[in-house]
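K.L.:
Protein sequences, first through last, are from chains A and B.
Residue numbering for the first sequence follows our numbering, beginning at 1 and increasing consecutively.
Residue numbering for the second sequence follows our numbering, beginning at 1 and increasing consecutively.
Please keep in mind that the hints were generated in silico from the structure rather than gathered at the bench.
Where is the CB? At the ideal position from N, CA and C, for every residue including glycine.
Watch out, some of these pointers could steer you wrong.
A short list of chain B residues far from chain A (calculated; beta carbon distances all over 10 Å) [what the hints assert, rightly or not]:
| hint | residue |
| --- | --- |
| 1 | 64 |
| 2 | 115 |
| 3 | 116 |
| 4 | 121 |
| 5 | 142 |
| 6 | 199 |
| 7 | 263 |
| 8 | 267 |
Pulled from the structure, derived: some chain B residues nowhere near chain A, Cβ distances all over 12 Å [stated by the list, open to error]:
| hint | residue |
| --- | --- |
| 9 | 81 |
| 10 | 161 |
| 11 | 194 |
| 12 | 264 |
If you anchor each label on the Cβ, the simulated ranges turn out as follows [to be verified]:
| hint | chain 1 | residue 1 | chain 2 | residue 2 | range |
| --- | --- | --- | --- | --- | --- |
| 13 | B | 120 | A | 71 | 53 to 63 Å |
| 14 | B | 174 | A | 83 | 54 to 64 Å |
| 15 | B | 135 | A | 1 | 26 to 36 Å |
| 16 | A | 73 | B | 120 | 53 to 63 Å |
| 17 | A | 5 | B | 159 | 34 to 44 Å |
| 18 | A | 89 | B | 178 | 47 to 57 Å |
| 19 | A | 71 | B | 133 | 20 to 30 Å |
| 20 | A | 3 | B | 184 | 50 to 60 Å |
| 21 | B | 73 | A | 70 | 42 to 52 Å |
| 22 | A | 40 | B | 162 | 28 to 38 Å |
| 23 | B | 135 | A | 89 | 13 to 23 Å |
| 24 | A | 84 | B | 171 | 46 to 56 Å |
| 25 | B | 213 | A | 5 | 46 to 56 Å |
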Amino acid sequence: MTRFRIADDVAWVSQEDLDGGDVPTAYLTRLPGGPPILLEGSGCVVWLALSEGGTMEEIIAAAAAMSDSTVEEISADVAELVDQLVAIRVVAED
Amino acid sequence: MTGEAERMAPIAARVHLAHAVVQKLAENHGIDLLHLKGPAVLPGLRAEGRHSSDVDVLVRPGHLFRLIGALESVGWEQRTTFATGSVFAHAANWWHDDWGWVDVHVSWPGVTLDAEDAFDVLARGAVQRSIAHRDCPVPGRTAQRLILVLHSARSGGTADVDLAWEQAAPEEQDHVRRLAAELGADVALAAGIGELELHRNDPTYALWHHFVHGGSRWHEWRARMAAAQGARAKAELLTSAMRVNRDHLRMELGRPPTRQEVRARQVKRVRRAVGELSERVRRS
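Given only the sequences and the hints, what does the whole structure look like? Please build it.
P.N.:
Okay, structure coming up:
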């Protein structure tokens, strides 16, 4: 079963690290030369779910729990975003 | 994922990520450095909610050129030199369109021990601090207290002294005093904690008095002249006194200054110096 995790060469901060606002927000980059990337709202929720690592099912479940949604409601969107994050190499597959 | 907004990350986020970028460069190129101030400050030594606007690092002096090469390889551009960056010639600045300012320090104002030896002393008790979820080496708690107090003294007093010194237990303050003595930073520490008058006969007394209490540029130059060690240092100071700082003028204008602008600023500096001197003569 494929597991997903934040790639080794990624640095990131969320609004929690910055005493920021209410909207879930994460800023990330690939080190050392990557551009800054912004994930807001549900994108940030998926990122925070990814920070624990896990299978796609586990990440969807964690994101659903964090966003008061059902797995059925969000699974397609989460899977699509995770695929995009893998494509830009900020998320690694094991 | 946002496209345009990628270049508009808030300063606090940029600073955290920039520390991580610099750390990765250091690891890739075998560079010894310590992260200072901002998110590098250990818990309890900085007021909650305070954020830095730039990245400060102290690099082992022997690794400076390696760090400059690494920074510039990913797009940082040098904006001030060590000669023009500050009174102490201890730091220079680099700018990056995504990551903002990095202040590279080869020594810390107030520390008089040889810079290479001072780096070893400060690195001795270094600990890892997570910044942007990356381990970054930062000075230990005692060294951080000293660094914050020295910075406060240099800046004419800041709120940092309260947490870094006033609220430290007596034994912690003793540790800071011992570290300051080892680094030859006794006078600067005294300036930061209100004990400067105990060092009235020190050559750097007037300079620290100026930093803490302020004064005219005339006072500052007199103090710098008194603190300069040796004829060569005094001569260099004199020649630089009237020279326009092109780096700062560039930052002020947001572009390289023209020859006419440098000349105009030169005239302004001379007039101001003459004005301050005339004022002193009238009062005396």
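K.L.:
Could you run down the list of hints and mark each one as holding or not?
P.N.:
We went through each hint and held it up to the structure:
For residue 64 of chain B, the condition that its CB be more than 10 Å from all CB atoms of chain A holds, with the nearest at approximately 18 Å. For residue 115 of chain B, the non-interface assignment is confirmed: its Cβ lies about 25 Å from the closest Cβ of chain A, beyond the 10 Å cut-off. Its beta-carbon lying about 26 Å from the closest one in chain A, residue 116 of chain B satisfies the requirement of being farther than 10 Å from that chain. Residue 121 of chain B, annotated as away from the interface, keeps every beta carbon of chain A farther than 10 Å; the closest lies near 28 Å.
Every CB of chain A lies more than 10 Å from the CB of residue 142 of chain B, the least distance being 26 Å, so the non-interface label holds. Interface exclusion of residue 199 of chain B from chain A stands, the closest Cβ pair being 39 Å apart, more than 10 Å. The beta carbon of residue 263 of chain B sits about 40 Å from the closest Cβ of chain A, which is more than 10 Å, so the claim that it is off the interface holds. For residue 267 of chain B, the condition that its CB be more than 10 Å from all CB atoms of chain A holds, with the nearest at approximately 43 Å.
Interface exclusion of residue 81 of chain B from chain A stands, the closest Cβ pair being 24 Å apart, more than 12 Å. The Cβ of residue 161 of chain B sits about 23 Å from the closest Cβ of chain A, beyond the 12 Å cut-off, so the non-interface label holds. With a least beta-carbon separation of about 31 Å from chain A, residue 194 of chain B lies farther than 12 Å from that chain, consistent with its non-interface assignment. Listed as a non-interface residue, residue 264 of chain B keeps its Cβ farther than 12 Å from every Cβ of chain A; the least gap is roughly 38 Å.
Our hint of 53 to 63 Å for residue 120 of chain B and residue 71 of chain A holds, since their Cβ atoms are close to 55 Å apart. In this structure the supplied range 54 to 64 Å holds for residue 174 of chain B paired with residue 83 of chain A, their Cβ-Cβ distance being about 58 Å. With their beta carbons about 30 Å apart, residue 135 of chain B and residue 1 of chain A fall inside the hinted range of 26 to 36 Å. In this structure the hint that residue 73 of chain A and residue 120 of chain B lie 53 to 63 Å apart at CB holds, the actual value being about 57 Å.
Distance hint for residue 5 of chain A and residue 159 of chain B: a CB-CB separation of about 40 Å, consistent with the stated range 34 to 44 Å. Distance hint check for residue 89 of chain A and residue 178 of chain B: the Cβ-Cβ separation is about 48 Å, which falls inside the suggested range of 47 to 57 Å. Taking the beta carbon of each, residue 71 of chain A and residue 133 of chain B are about 27 Å apart, inside 20 to 30 Å as hinted. In this structure the hint that residue 3 of chain A and residue 184 of chain B lie 50 to 60 Å apart at CB holds, the actual value being about 53 Å.
Our hint of 42 to 52 Å for residue 73 of chain B and residue 70 of chain A holds, since their Cβ atoms are close to 48 Å apart. Distance hint check for residue 40 of chain A and residue 162 of chain B: the Cβ-Cβ separation is about 36 Å, which falls inside the suggested range of 28 to 38 Å. Between residue 135 of chain B and residue 89 of chain A the Cβ separation comes to about 21 Å, which falls inside the hinted range of 13 to 23 Å. The hinted range of 46 to 56 Å is satisfied by residue 84 of chain A and residue 171 of chain B, whose Cβ atoms lie roughly 54 Å apart.
At roughly 55 Å, the beta-carbon separation of residue 213 of chain B and residue 5 of chain A lies within the given 46 to 56 Å, and the hint holds.
No hint from the list above goes unmet by this structure.
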